[in-house]
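Student: Starting from the structure of chain A, add chains B and C where the hints point.
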Amino acid sequence: MITTTSVLAATGPGFLSPSGVEIAFLLVGVVTLGAAVITVTTKQLVHAALWLVVALGGLAVEYLLLTAEFIAWVQVLIYVGSVVVLLLFGLMLTRAPIGRSPDADSGNRPVALAVAVAAGAALVWVVVDAFRHTWIDLEGPVQGSTEVTGRILFQHWVLPFEALSVLLLAALVGAIVLSRKNAAAAEPGTTGGPGSAGEPGRPNPGRRTRTPGRPAKETRSRPAQEAPGRPPTADPSEPPQKEQR
Amino acid sequence: MTTPTLAVLVPLLPFLGAAAGLLVGRRAGGFARPLAILPTLAALALALTVAVHQGGGKVIDAATRLTPTGSVPIDLALHIDGFAALVAVLVTVVATCVQVYSTAYLRDDPRYASYAALVSLFTSAMLLVVYSGDLMVLLVGWEVMGICSYFLVGHYWETPEARAASLKAFLVTKLGDVPFLFGLFALAADAGTFRITGILDTVATGGLQHPTVIALLLIAGVAGKSAQFPLHTWLPDAMAGPTPVSALIHAATMVAAGVYFVARLLPVFAASAAAMTVLAVLAAVTMVGSALAALAQDDIKRVLAYSTIGQLGYMTGALAVGDRGAAVFHLLSHGAFKALLFLGAGVIIHAAGTNSLSAMSRMGGLPKRIPDAYWTMTIALLALAAMPPFAGFFSKEAVLVAAEHTALGDSVTAPAGAGWIVLLSGLLTALLTAAYATRLWLLAFRGHGPAAPDHGRQPIAMSAVLWVLAVPSLALGLAVGQLAGWFDVHALTPTVTTAVLGTGVAAVGGIMTYAAWRALRYRADGSVPLGAVAAHPDADPATSEEAAIATLPRALNSVRAGETPSAAYGDLAPAPDPGDPGRLLLGPLHRHAATGFHLDALYATLFVRPVRAAAELVRFLDREVVETYVRGARTLPRWLGTAVRRAQTGNVQTYLGALLAGSVVLAIAAVLVAAAGA
Amino acid sequence: MHLAYPAVLAALLFCVGLYGVLARRNAILVLMSVELMLNAVNLNLVAFDVWLRDTLHSGQALTLFTIAIAAAEIGIGLAIVLMVYRNRGTSDIDKLRDTAETAGEDHDPDDATEAPDGPAQKAEAAA
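Chains as they are written, first to last, in full-length UniProt numbering: chain A, 1 to 245; chain B, 1 to 678; chain C, 1 to 127.
These are computed hints drawn from the structure, not numbers from a lab. Any given hint might turn out to be false.
Stated by the list, open to error - Covered stretches of chain A, as calculated for chain C (at least 3 residues, CB under 8 Å):
{"hint": "1", "region": "32-40"}
{"hint": "2", "region": "62-75"}
{"hint": "3", "region": "96-110"}
{"hint": "4", "region": "113-120"}
{"hint": "5", "region": "146-155"}
All C-beta atoms in this analysis are idealised placements derived from N, C-alpha and C, irrespective of residue type, glycine included.
Okay, chain A solo, but in the shape it has when bound:
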């Protein structure tokens, strides 16, 4: 308890009566923030993706604590399940180095740090100043259960929801167009053969052009492809989830 209090005191000075939910939120928040910081600072690219999983998962827990359970599951399914997998595929296909890469950060780093710190200070100051005396009432009817969310979504948000499906379709078409162009450009190199598709070595330019092409296309199209196909439940997460399993 003493440690929790001290953590609490560090984050929000002056609030001396933390409830259980708050303590949990703070702990998970610290973990999330730490994972995020590691994500943007680590020298190992693949580790960055894995730490991103931790950060996103932490956020899902925070959603749960805020009684938004459906959002939490969607967060897990889509982000952890598909986006991070996509990013890993991307890292793989662009031949990101596996070990520590000394040049993960660009020369822009001091500027970035200054901007981020300034922005963070300003935001935190403003937010704390504004919401110092505001409490969230977590009692009462559940805000974000699946039932509630489903009803609201298909009663009041049907039209934006359908529009969103059009957007996803556009993204799908865009991904296909980008891939097709590459396929046409790489046509002469097709004879390089499927055998070399997953080869991690450094092939000649022609082969390199072709080999990442196909898996990238498939991987990219997956979420975009499935999402508009199943608009009612608004879970583009489900198909990736199944595939993930």
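Tutor: Just chains B and C now, kept in the frame of chain A:
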């Protein structure tokens, strides 16, 4: 149709013809000729009808006001008296002749359509000046003529001489037009109207407050337009245009406009004795100087040009002694015979293949080649020399009689001094005129040497026109009794004294020239023949004239014409011809007379060089001073640009970083302001 | 629960993502940072939705939309990154400098627009 309607149609028809010619002439070349001739011919018929209707009787006045124009109203007004009716007839006759002549003279010219349209426009503008009863409308025609003369003189714009000549004509006449415009405004301000009738009424009641200033300002414009000293220098150079254009400008339209204008507003000038004296002095200087210069010219067209200036001097002289009847009478007869002279000169130039009189004097049998031109030119030269009973005799006598009356104090409109000046200079000019007319005739038609090349018969359109114009040159003087009725003055018939005096001095001049020519003719034989022949015997006459103007030894197809030494109008110095009687008669004066008494050189020193120097100065200031500031102003943006370019690294992250940093700064500023406000 | 907790956490996450976007060299890492920023916004949306007890649940609905859009964005973004990698042989952001001004020469705008095309075309021809 009423007479005013007919009169409105007179200037309108050539104008419509010009517009149509400019519109369709280039595409449908076949229409160009009918479009050129028919409107002018119709205008001639209408002008004749108007003249018959008017009949020298009551003045026809009609006016309509299109729109109110403030304190001084401007009307579309007609004012047709005997002068206007007769001058309009002259203008349309000459214009028709020129148009017909041009169809043959410029038959192969690629720009014939626009040329004919411009001639029509020119005619229309002159007719507007003649008929207009409102000074503002008159000014419109006046200025349109100026621009048309610019285009027509510059018809052969490929040659630098023609370009220079057209610019000179335009600038010099404009130099006179500026004071002219001021004069018009001053006149209208005093009279309260632009209507000629209103102005004349004002003058009659003595309502003109500054008659001398107004008259002198107007005289400047008249001198520019009518080529009077000291603004006459554009006219000899305007010979660079095609010969029919010279005929049109010199005989009936542009130069006549000034004289006609003074004749219309003579009471305004007569209100100021000083203005009349100035006019008389101008006329005297112009007459004598131009006659001397004409005697020394080698180019046949320049001789005629100086002769025009001299005859205009006669008209101005007649106006200076207050006799506009005599002035307009001389304008009419001069229009007829001068148009004939120019058109005949065009034929001669074509036949001889050269403009140079000394070259013609070394050519035998020219009269046999061009009998029509020979006989009609002889008539016209006799008229020019004022031999009885040709038209020029009567009109010139009318001028001299008027001058004599004034000199003897019989006139109330002009001071006696003006009369004496005009009378004496008129007599001297009569002598010189006869001399140069004789010289022209002798050199052109009595040359001997190798026979002139045979180009076959001249086109019928050209020969017929010459004979048509020969009729008034011959017989207009006999109608002097009828003509006087058209003008509101006394009889124009010659008196015995002036007739004997004038004819006597003219005869003396002619005989002296003939004697000098006889004395010199064998000296000329020994000299090298200048040997100029037509450059393009088969092409239309204008081509050979153009080649003669643009004589360039390097031009392949005009090699022989290129040997003509004095064909270029830009070159004032005549060929040194020992057989020239003018050289003997003028003696040491010849050198100065040949260059127009160095007036061009004087103007060059007085005006051209200072202007050029000022231009150089301005150029220097612009190049060295202003440019320096501009260059200095360039450096700062350049440095800034270099600095900004440094920032353009192409690194998206840098851009984004800068953008976000700016956003953060703005956001913090906003928060701070809000916090301070709260 | 105190509203400042989720709000501050969201702000800090956002700034961490901001730092990542500006500081990371690899384009895919930049995309990860963008995801972090998006998630920070999502957290805000959810928190305020719960706080305000919104009957329409606009915060949660918008969160769902944001998640879907983020999925589309990551797909397209990765496709672009892969194409760049194919054409240039690298996915380092600070090596994509075709829009840079070439210093030292005074050339007119026509040349300036053409100049960056040169290497790009060459790269495409090579690929």
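Student: Each hint needs a verdict: does it hold in this structure or not?
Tutor: Comparing the hints with the structure gives:
| no. | hint | in the structure |
| --- | --- | --- |
| 1 | 32-40 | holds (count 6) |
| 2 | 62-75 | holds (count 10) |
| 3 | 96-110 | holds (count 8) |
| 4 | 113-120 | holds (count 6) |
| 5 | 146-155 | holds (count 4) |
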